[in-house]
Each structure stands twice: as structure tokens, then as C-alpha cells.
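J.: Below are the chains, spelled out letter by letter.
Protein chains: 2
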Amino acid sequence: MSFFFKNCIFLMLVSYSLAHEDLNSHIFPRPLIIDYPEGNEFRLRESLEELRLQCTSWRFAAETNNLSPWKTIPQECAGYVEEYMTGRAYGIDLERVSKEAGNFAKRVELKDDGKDVWVFDVDETLLSNLPYYSQHGYGLEIFDHAKFDQWVEEGVAPAINSSLELYQDVLNLGFKVFLLTGRSERHRNITVDNLVKAGCQHWDKLILRSSEDHQKQAVIYKSDKRDEMVKEGYRIVGNSGDQWSDLLGSSIANRSFKLPNPMYYIP
Amino acid sequence: MSFFFKNCIFLMLVSYSLAHEDLNSHIFPRPLIIDYPEGNEFRLRESLEELRLQCTSWRFAAETNNLSPWKTIPQECAGYVEEYMTGRAYGIDLERVSKEAGNFAKRVELKDDGKDVWVFDVDETLLSNLPYYSQHGYGLEIFDHAKFDQWVEEGVAPAINSSLELYQDVLNLGFKVFLLTGRSERHRNITVDNLVKAGCQHWDKLILRSSEDHQKQAVIYKSDKRDEMVKEGYRIVGNSGDQWSDLLGSSIANRSFKLPNPMYYIP
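Going line by line, the protein sequences match chains A and B.
Just so you know, we're using our numbering here: the first sequence kicks off at 1 and counts up by one.
Just so you know, we're using our numbering here: the second sequence kicks off at 1 and counts up by one.
It should be emphasised that the hints constitute simulated quantities derived from the structure, not laboratory data.
Careful: at least some of the hints might be erroneous.
Each pair may be met inside one copy or between any two copies, as identical chains are not told apart.
To be verified - Here are the simulated lysine-lysine pairs, BS3-like style, with alpha carbons at most 27 Å apart: (1) LYS71 <-> LYS197; (2) LYS147 <-> LYS231; (3) LYS225 <-> LYS111; (4) LYS225 <-> LYS205; (5) LYS111 <-> LYS71; (6) LYS147 <-> LYS106.
All of these numbers come straight from a predicted model, not from anything done at the bench.
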């Protein structure tokens, strides 16, 4: 419960300061906070418990791909998402996904033709942009392409450690590793630098968006690239990504692993 | 926090009484509860907060289809899952899914050939077996086919009200409604009785497992049946189900809606 008290003031400020923006009002019944507390600790607790319940429900809906495309997190859940991302919950969720994926990878019997592939997305899968999003409301601000590009060009995104462990594990098991990212081809060099700095020492392909891919929805672009892998004779055994558009579409993997990401949605 | 205090004794009993069963130990790091409380309220709170964190993480992994097939919920999460199912959280999650699905359905432009279809699963989608599962540990006991069949044959499963609203909405919008269930063809009559009793007044097809379908995995059986719909010229616009095996495979819907169900997993 302590988290809620810590974040109470922040939540109140956010709720009121943004009361006139209504970006995702279709997602969230309003108002969530009725009769905001007036020195009544019991009612404060009840209100905050209600907020946690609603934001957990929103996160469930987001992570199971039940929501229509959303541009920002619900204002009311700003504090909830921040706490999730910066507290232990995000890390625990990431570790569980990597552990499940690793257990699956170990049980796969690889053929000796070198055609068994594990596909990894990059952003919020191998690399974390949390330092960027922490400066942009953890998904509360509408995505700003120019600003995000500036961040990418710094090349300092840290590794997601549990994903890095899975990455090493599947390489050691003999999988080919293909990195399939929505980043632009013009960011190839800085992405390579960043990946190496973060601890990814080897991969078999790094696929970025070329100019003809830029108009495609992510789910189409990534499906097209997986279709090409299959045409080249590869078997896509595993796929790790934080967006459903990394995982769904055509040529889907034998098993797909959805990493948590309540901050943004890419269709 | 009140929920955790209420359930504390129950959780302790469950944790200890089942300490020697180890059905899903691969899913869950053990022990979750270190130094169980000895009259120290602060440490009790910390332990219970930790348990909530771990069980929420397990539920995220289950609902996003990240776990390998599981036969029971983790022992430690027995109280968590009970509270989820019997408190407000399950209902809130169900309502959100139906609301999202309804919003999507309203935006679809139906053709006038009567070939736009919405597929519904039955158990834990239109009908609730919570009265049964409440007597069987909310997923803590291994599934017992004979006992569950007895329950099905009573024909008294209540409706999931938010799904029933969606059901009426899509019918009113002009969708064909196909019910696609893993129940056996021999339960057709009782299933019809139960659905009518629960408020489903009309459907266009009710597809149950025939004898040749019984050996198939659910995801194959349901894909086969959707393939047939597509061959007959139907367009599967929406699909509502509590299992990923209701939603994935071939001939998937334009949009699929995953209802919550942390109690059991059908591959």
C-alpha cells in the first residue's frame, strides 16, 4: 500500500493538471476518483485501491491486446505506470518471460542445418528506452518522433538484462539470432554501437526498416520480414517482443513471448 | 490492503498444507514467503505485498500466453486467484473486454450479404462455471473431467452478464453469431437449455465437438471449424474467448478479444 501513499500527491497533480486532455477517454470510465479525500485516510485508501484496480485492469487489457490502438496511457494511471516501470514489478515480469522462453528453448531439438531461428525485437526487448520515457511521462505524452530519434542517436540505451541472458542462452544452444526492429536503416550504425555497448556481442541478421518499409504498419513490415526468413528455409522457433505487432501476422513463431510494456502501443 | 489481511490465514493454510505438491514449480520461484510473520505486522504486510507482486506477475504471464501449458494455478496464488475471481477485479476486466469489443463492433461496416460473423466461446465466455470452480479451489485442483461433466449436465451455469450484453449488441448490429465450444456434441441439449436459461435467445450456429474432433487439441479443433466458416464464405470479424486456443491458429478474426481466466489453461 505504501506505493499509493507515496504517489498520491503526484496522482492528484497529474489528474487535475491534465483534466482537459481527453486522449483515451473511450478506454477509461470517468471520473475514477469521486469525492477526492479531505483528510479522511480510510476514504483515501479506498480511492487509491479503486485506482489500482482500474489501472491493473487497463494494463491487463493493454497487454492482452484487447484495446484498440492507443496513443497515450490513461491520465489517471500515470502514477501507476511510473510505479510499475520503476519499481520491482516490471523487472519481475521481464524475468519471468525470459525464464519461460529459456525453458522452452532448452527443450527444443535443433536440427543440425543451422536453420533454427530466434527472433528478437530491439526496443523494450533487448534495449531499454526507460531513460527516455522517464523524461516523457512514461507514456503519458504523445510519441514525439524527432525527440525519440535524438535519444536513439545518443546510442546509450541500457540492456534489458533478463533478455540479454536469454539472448546468450539461445546463441549457446545453437539458434541463429535475428534482430528485427522498427528502427530505420539510417540508424544502423548507432544501433549496432548501442547493442554492442549493451552486451550483445553477436547476431546473425540485424533487420531495420528500409525506405520502402517506412509506409508499412509494423505488423505488416515484421510479417513480411519473417515471411522472407521462412522462404529462405529458416524455422522461426521463438520470437521475443514487447508489442503484439512483433509477434502476430504471418510466419509466426512456434512460440511467441510477449514482454511487458504498458507505456506505448505500436499497431 | 484489506484483502490481504482477510486472506492471510487462508493463504498460510494453503501454502503449508500443499507444501509437498509441486505441480508448477517451474513457473514459480520458491519459497515466496521467507520468514513467515511472527506477530510483526510490518513484515506481514511486506510478505503479502511480495506475494501479490509475484501472483500478479504470474497472472500477467498466464493471460499473455507466455507460460507453457499449466495444469493448476501456483499453490501460493490460491488466495490471490480466489480474491480476483470473487472480488470486483474479474468483473471489471470482463466488462472492459466487452466494452472494447462492442466499440469495435459498432465501427464495423457490415456488408448486406449476412456473412459477417462474431464467434463466441461458451465456457468462461458466455457461461460462467465459477459455481463449479469455487468448489474446486479456483484452479488449484487438477481438472477432473467426470466431475466437470456432472456440473455441465446440471445445466445451471449462470451467464457472464457483460458478455451477454455484447452478444445482444452484435446480434442487433446484424452480425451472425456462431457459438464454438469445446463441449461434446452429447452435451448439445443441456448446453442449449443452459444458454437459453442464461439469456442467450438466438444464435446462428452452435458448434460442439463431434466424435472425430475429440482427439484434436482445442486450438486445432477451433481453427478447423473457423476454416470451414471461411470456406462457406463467412467473414470472421470478431472472436471472444477466455483461452488463447479460442483465438489463435488459422482463420483468425479481424479482432480477437481475450477474456480473463486465471483458473485454467486449455492448449
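J.: Just pull the numbers of the violated hints for me, sorted ascending.
T.: Checked against the structure, the hints that fail are numbers 1, 2, 5 and 6, while the rest are satisfied.
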